[in-house]
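As given, the protein sequences belong to chains Y and E, one line each in that order.
For the first sequence, my numbering assigns the number 1 to the initial residue and increments by one for each residue that follows.
For the second sequence, my numbering assigns the number 1001 to the initial residue and increments by one for each residue that follows.
Don't read these hints as lab results, they were simulated from the structure.
For glycine and all other residues, C-beta sits at the position ideal for the given N, C-alpha and C.
Don't take each hint at face value.
Claimed, not checked - Here are the simulated DSBU-like cross-link-like pairs (lysine-lysine), alpha carbons at most 30 Å apart as the crow flies: (1) Y/376 x Y/127; (2) E/1161 x Y/422; (3) Y/204 x E/1161; (4) Y/193 x Y/222; (5) E/1161 x Y/268; (6) E/1161 x Y/218.
Said to hold, decoys possible - These stretches of chain E come out as covered by chain Y in the derived footprint (C-beta under 8 Å, 3 or more residues): (7) 1070 to 1080; (8) 1091 to 1101; (9) 1153 to 1161; (10) 1173 to 1182; (11) 1292 to 1306.
Claimed, not checked - Computed far set for chain E versus chain Y, every beta-carbon distance over 10 Å: (12) 1063; (13) 1127; (14) 1139; (15) 1219; (16) 1220; (17) 1223; (18) 1231; (19) 1243; (20) 1246; (21) 1325; (22) 1327; (23) 1329.
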Amino acid sequence: MKGSFKAIAATFVVLGLVSMGGCGGSADAAKQNGKTVIKIQTFNNFGYGKSTSEKPGANLWAQYEKEHPNIKVEETVAASSDDARSTFNTAISSNSGAYDIYAADIAWMPSITAMPNKFIDLSSYIKNNDWMDWKVQGGKAADGKTIGAGNDIGPTAVCYRSDLFAKAGIPTDREQVKDLLGGDSATWDQYFKVGAEYHQKTGKPWYDAMGGIWGAMKTQIKESYVKQDGTIIATNSTIKNLYDQLTATTEMSAHLSQWSDDWNSQFKADNGFATIMCPAWLLNNIKGNSGDFKGWDIADVTPGGGSNQGGSWLVVPETSKVKDEAAKLVAWLTAPEQQVSTFKAASNFPSSPTAQKNPTVSGKLDPSMNNAPVGKIFTDRAKAVKIVPYTGSQYYDIDAKLGDALGRVDVTKEQNPDASWKRFEQDVKALS
Amino acid sequence: MTESHVSTHVKPGGSSLRSRLGILEWKASPYLYVAPFFILFMFVGLVPLIYTVWVAMRQYNTLTGDAGWAVCGSVCHNATPGWTGNFLWVLHQPSFYVALRNSLSIFLISTIPQMILALLLAWVLNANLKAKTFWRMGVLLPYVVAPSAAGIIFSQIFSDKMGAINVLLQTIGLPTIMWHGSAIWSHIAIATIVNFRWTGYNALIFLAAMQAIPNDVMEAAVVDGAGKARTFFSVTLPLLRPTLIFVIINSTIGGLQIFDEAQLFHNGTSGYGGPNQQYLTISMYLWTLGFNNVTIGQPNMGRAAAVAWFLFVIIVVIALLNYWLTKRLTNGSGARNTRQTAKTAKAVRFREYEQAVNTGVVARLGRSGHDVQVNSDGPGSIGSLIRHDEER
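Could you put together the complete structure from these sequences and hints?
The following block contains the structure:
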């Protein structure tokens, strides 16, 4: 009797200790059945995996594993880039080798390129790949190492509802819409002028949200919130003028918060917004939110000059146990042929000029956008991108505050533009 | 058993070690049994807790790690590193106070109606209903729904344009409600999501406690002529006190840490807690600071840890306040045993005793029997009794 009590007590203590030590003892998982396992984390849909109805893909893993019989690729897809980022941050800060390859969003790149010694130099692996010049710059660290291999980009066009345009008596042909908005020298003034006329005629909203317009505007300034030397210039006249220009168009807005249910539901509504700033990857959302509705078209024009919104890179952390194999896979995934495959399957626009020239890309027509030549349009839009904004230091912290400022005027309508700007100035001050 | 019996019998002195061991086991084994929990808690609870104190005092960034003592920076015009840096920085943030206001407001709007409703529900469920189990399981059903599922459903009900409530209001010609634009309405919406999930759960805990109240107490109250309401307030409620304290402190912790409901109510990706921070709670503020703003050069983890400690202190203070309040409120019916009334009662008893000794008549009997004779200004009044005594 007495002995058994002690035995039970001892067992509990031992169990307790074992369960605590358990997390430290992960075995070397790089090999499995004699194959080298490469683990990669992506988010949303990169179009690498097997095609499903929700996530179209080019089935690249099967292809790579066939060409390299000793490799096995395990992809983990995070639901959103925010989820992916917190995993990434934890792994990088704790030096744990959770994944061998990470897909990194454009917003993460400033912090990644600021710690070049945590990621491997991919230069020797990617000699045969090509990228648009600004995409190469985005993946380079200050010391010249290339730590990010460019994946997709987000050249921006204007998507519009041809059914609503027709009702308002505006030309619906995409070439005419392009000219109407100013063609190759399109300005925001012209875009808002047409919008004001449209709104006067119909009483319906011209664009979805100020946040959406701002998303394009901010990418057209080299140094918007912060200078490269770290000085904060967010409340200077450059931003203020654009802010004034945008907030003066309040009546043209649909007053929606982007990515909300209300926003999703307005893509096919009769009184929905007529235009939206359209990065390549947004076509997926337009399709998803329109269902059977077929009224959307796309014009080869960007107000205010070219704009790139979003896009991703692939990085390999130093902690990976299979650095060499992972880097080879990264080079292969970002090579022009694979970029063509993923654009064909999903709508991730290639960052490689060779891939952009490929007839599969440049000739792609999109049946859900009234058979628009989306391949050609986004190639043109990518060429129009002349400015790579500096997004280091507190860029994204300040950007969130400006988003709030626009939201107070546009979505919740609780402040006038001046009051909201004053609040923004205070917010920026409180950040440092 | 037999062996020890024999040994005690034959040689009493030899068993002393054995019996001392036995006593030791008797005394020590309970601690051994609970030890696994505390050892585990030490590693997964206490160590991180203390580590957070350290992080809160440091210039700690998620990606680049520790970089010396924290610096408050330009917001408090102080660039000297020190352990208070992050705490001061947080105290200089207007957002922190807004978040505090929101958390408290959502906590109050959710907890108070929730407690009252749960008590009422429990009281009803405690009555002799048909299909008892069905009703009892029914109130627990919302609790089974995952918080995110409830959040998603309610965020669609509370959408500004296409939400069920606003569409309904529009069809009957009423102005729509700015659920996300107005602070108070957003708090009501979030509190509704919380109440939906937790009211039934708390009602069941109250019900269990109510069923533990012995029947004879209730019967005694009925015999004394107490009505339903009087029984509830004077018997049931005071006897529920330990359960009430438990539930209220629990919901204080839950209410002040509120995160999922507010985050799902937001319904969008950018601008956490609303553009004017209408529904930014302390937990969301902590999360945004620590996990969204990972800007290199900023001690994001340090600041988040500092907020976590402020939150901890606030919860402790409010929990203590609630404990004290609950104790007071459930101290039985109207008559509160304050020191003053106790003193008066004692004085009365003493006089009654004296009177009884002096006169040989039991004062109480006299009072109840000959009210008019003894008291000139109404029966049973303590004041009159004392005055009467003094006159004599």
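Against the structure, the hints come out as follows:
As the CA atoms of residue 376 of chain Y and residue 127 of chain Y are separated by approximately 27 Å, the hinted pair is consistent with the 30 Å bound. Between the alpha carbons of residue 1161 of chain E and residue 422 of chain Y the distance comes to roughly 28 Å, so the proposed pair stays at or under 30 Å and holds. A C-alpha spacing of about 15 Å is found between residue 204 of chain Y and residue 1161 of chain E, which places the hinted pair at or below 30 Å, so the restraint holds. The straight-line distance between the Cα atoms of residue 193 of chain Y and residue 222 of chain Y is roughly 25 Å, inside the 30 Å bound, and the hint therefore holds.
Restraint check for residue 1161 of chain E and residue 268 of chain Y: satisfied, since their Cα atoms lie roughly 15 Å apart, inside the 30 Å limit. A threshold of 30 Å between alpha carbons decides the hint, and for residue 1161 of chain E with residue 218 of chain Y the separation of about 28 Å falls inside it, so the pair holds. Note: the segment 1070 to 1080 of chain E has 3 residues with beta-carbon separation from chain Y under 8 Å; the three-residue rule is met and the coverage holds. Using a Cβ-Cβ cut-off of 8 Å, 4 residues of the segment 1091 to 1101 of chain E lie near chain Y, which meets the minimum of three, so the contact claim holds.
Residues of the segment 1153 to 1161 of chain E with a Cβ under 8 Å from some Cβ of chain Y number 5, which satisfies the need for three, so the listed coverage holds. Given a C-beta distance limit of less than 8 Å, the hint that chain Y covers the segment 1173 to 1182 of chain E holds, as 4 residues qualify and 3 suffice. Note: the segment 1292 to 1306 of chain E has 7 residues with beta-carbon separation from chain Y under 8 Å; the three-residue rule is met and the coverage holds. The Cβ of residue 1063 of chain E does not lie farther than 10 Å from every Cβ of chain Y; its closest approach is about 5 Å, which violates its non-interface assignment.
The beta carbon of residue 1127 of chain E is kept farther than 10 Å from every beta carbon of chain Y, the shortest such distance being approximately 41 Å. With a least beta-carbon separation of about 29 Å from chain Y, residue 1139 of chain E lies farther than 10 Å from that chain, consistent with its non-interface assignment. Chain Y leaves residue 1219 of chain E outside its interface by the beta-carbon criterion, the shortest separation being 44 Å against a cut-off of 10 Å. The Cβ of residue 1220 of chain E lies farther than 10 Å from every Cβ of chain Y, with a closest approach of about 45 Å, so its non-interface assignment holds.
With a least beta-carbon separation of about 50 Å from chain Y, residue 1223 of chain E lies farther than 10 Å from that chain, consistent with its non-interface assignment. Every Cβ of chain Y is farther than 10 Å from the Cβ of residue 1231 of chain E; the closest lies at roughly 46 Å, confirming the non-interface assignment. Residue 1243 of chain E, annotated as away from the interface, keeps every beta carbon of chain Y farther than 10 Å; the closest lies near 30 Å. Remark: the non-interface label on residue 1246 of chain E is consistent with the geometry, its nearest Cβ contact in chain Y lying 27 Å away (cut-off 10 Å).
No beta-carbon of chain Y comes within 10 Å of the beta-carbon of residue 1325 of chain E; the shortest separation is about 35 Å. The Cβ of residue 1327 of chain E sits about 36 Å from the closest Cβ of chain Y, beyond the 10 Å cut-off, so the non-interface label holds. No Cβ of chain Y approaches the Cβ of residue 1329 of chain E within 10 Å, the least distance being about 38 Å, so the stated non-interface status holds.
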